[in-house]
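> The chain contents come next:
2 protein chains.
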Amino acid sequence: MLVRSASEVKQDTIEQEGVVNVKIRWLISKPEGAPNFAMREFEIEPAGHTPFHSHDWEHEVYVLSGQGVVSGKEGDIPIKAGMSVFVAPGEEHNFKNTGKDTLKFICMVPHQ
Amino acid sequence: MLVRSASEVKQDTIEQEGVVNVKIRWLISKPEGAPNFAMREFEIEPAGHTPFHSHDWEHEVYVLSGQGVVSGKEGDIPIKAGMSVFVAPGEEHNFKNTGKDTLKFICMVPHQ
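Chains as they are written, first to last, in my numbering: chain X, -5 to 106; chain P, -5 to 106.
Short, incomplete list of chain X residues facing chain P, as computed with Cβ under 7 Å:
1. L(-4)
2. L21
3. E26
4. N30
5. M33
6. E54
7. Y56
8. G66
9. G76
10. S78
11. V81
12. A82
13. E85
Here are the simulated PhoX-like pairs of lysine-lysine, each with C-alpha atoms no more than 25 Å apart in a straight line:
14. P:K24 <-> X:K67
15. X:K98 <-> P:K98
16. P:K24 <-> X:K74
17. X:K74 <-> P:K4
18. P:K98 <-> X:K74
Simulated from the structure, these hints should not be mistaken for laboratory data.
Ideal Cβ placement from N, Cα and C applies to all residues, glycine included.
With these hints in hand, go ahead and build the complete structure from the sequences.
Rendered as structure tokens:
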């Protein structure tokens, strides 16, 4: 069993085209022995965003704090603490912080 | 894309031996199109607990609010908001609320 605070996990800044002010922590993944999928924590600063893209795998997201939108073919959908987001494989999407505080969520993905 | 508040999802009381005061919401699972794993939200009332058991699949947990312990061969490990818990396949475990407020966490499991 592995029990730890997110703050104990190294946080990395994502340096990638289309990404602005996004940090990630890999909370549970292959190095911790996870056999199927990974749990990551994202922090997006105000006006920051992830890239608008699609990929072959799904996202399962739970919003922890802050305010933002998830964008896709449906337009911009507001998100805040206590909301869950399912992005199916192949769906274009991105996450943007539209608030004044850090937008924080966890995002699960299958191992690749 | 599916975006919704946890409060929009039907909450069920778990009626099972060894379970006391535990409610569950299946936030994202097969009916929502999830191909690999499910996200559930648990609420455990003060002094409530899940069963002490093991199974062939893993848990990936993120604690949202409240206070409790996760118990295993290592003893009782305190948990609170912002902590992640990885329970490997085959590990005996349970979650108990040791605080005065609802213990709330999300728990991911692979499809069976």
